[in-house]
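A.B. asks: Those sequence lines, one after another, are chains A and B.
Residue numbering for the first sequence follows the working numbering, starting at 22 and increasing by one per position.
Residue numbering for the second sequence follows the working numbering, starting at 22 and increasing by one per position.
Quick caveat, the hints were computed from the structure, so don't treat them as lab data.
Since the structure is predicted, the reported quantities are computational estimates derived from the model, not experimental observations.
A portion of the hints provided could be inaccurate.
Pairs count within a copy or across copies, as identical chains cannot be separated in the list.
Claimed, not checked - Only pairs whose alpha carbons sit at most 30 Å apart, straight line, appear in this in silico DSBU-like list of lysine-lysine: (1) 89 - 60; (2) 60 - 91; (3) 89 - 105; (4) 89 - 113; (5) 105 - 72; (6) 113 - 72; (7) 105 - 60.
Number of protein chains: 2
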Amino acid sequence: MAELDELLCQSARLQIMASLMTLGAEEQVDFTYLRDLLKLTDGNLGAHLLKLEQAEYIVVEKTFVGRKPKTYLTISDKGRRAFKQHVTSLEKILHFKDKK
Amino acid sequence: MAELDELLCQSARLQIMASLMTLGAEEQVDFTYLRDLLKLTDGNLGAHLLKLEQAEYIVVEKTFVGRKPKTYLTISDKGRRAFKQHVTSLEKILHFKDKK
Numbered sequence: 022m023a024e025l026d027e028l029l030c031q032s033a034r035l036q037i038m039a040s041l042m043t044l045g046a047e048e049q050v051d052f053t054y055l056r057d058l059l060k061l062t063d064g065n066l067g068a069h070l071l072k073l074e075q076a077e078y079i080v081v082e083k084t085f086v087g088r089k090p091k092t093y094l095t096i097s098d099k100g101r102r103a104f105k106q107h108v109t110s111l112e113k114i115l116h117f118k119d120k121k
Numbered sequence: 022m023a024e025l026d027e028l029l030c031q032s033a034r035l036q037i038m039a040s041l042m043t044l045g046a047e048e049q050v051d052f053t054y055l056r057d058l059l060k061l062t063d064g065n066l067g068a069h070l071l072k073l074e075q076a077e078y079i080v081v082e083k084t085f086v087g088r089k090p091k092t093y094l095t096i097s098d099k100g101r102r103a104f105k106q107h108v109t110s111l112e113k114i115l116h117f118k119d120k121k
């Protein structure tokens with residue numbers, strides 16, 4: 022049976038990963054940009070990112086721009102594979118391709 | 022944000038619901054048929070069905086055919102709504118429609 026990834030079964034996390042999937046190989050996304058895009062609080066986004074980071078699905082880079090702390094995010098190869106596998110499983114289970 | 026239904030975030034349960042969604046209004050599906058279709062054990066399918074029944078997403082009817090116990094399953098209106106909502110949320114998050 023097509024297996025779903027438990028970590029990607031939560032709306033915010035799936036949306037974070039879907040957003041990061043659109044990035045090119047060298048691209049990063051800013052914490053603040055993602056927070057506003059997904060309409061999440063700092064704390065909420067931070068908690069989801071931590072889980073994704075612990076699973077090595079994303080890479081979180083904390084740095085300073087001048088005196089301002091900045092957090093940049095990228096998706097890892099493992100994260101890309103997990104996302105693709107999850108979506109393929111969903112399509113198999115739901116037969117999206119048949120319905121459209 | 023499009024919300025996912027936690028109960029439908031598990032492969033077997035999502036597949037059970039997807040199977041029951043294909044039934045007409047008066048149709049039922051047999052426990053054994055579903056078990057074989059989804060390649061699950063009795064215990065495993067039983068546990069998932071219990072969760073779906075407790076959420077009132079499905080109706081489980083136990084009866085006897087001769088001396089043989091039989092279990093029939095139908096999806097409830099609440100179950101249909103939950104499934105549709107879940108799939109709509111997935112499509113929104115993943116922009117399936119844009120990609121195809």
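A.B. asks: State for each hint whether it applies.
C.D. replies: Hints versus structure:
no., hint, result
1, 89 - 60, "within (22 Å within a copy, 55 Å between copies)"
2, 60 - 91, "within (18 Å within a copy, 49 Å between copies)"
3, 89 - 105, "neither (35 Å within a copy, 44 Å between copies)"
4, 89 - 113, "neither (45 Å within a copy, 34 Å between copies)"
5, 105 - 72, "both (18 Å within a copy, 28 Å between copies)"
6, 113 - 72, "both (26 Å within a copy, 23 Å between copies)"
7, 105 - 60, "both (24 Å within a copy, 24 Å between copies)"
Hint violations for this structure: numbers 3, 4, all remaining hints satisfied.
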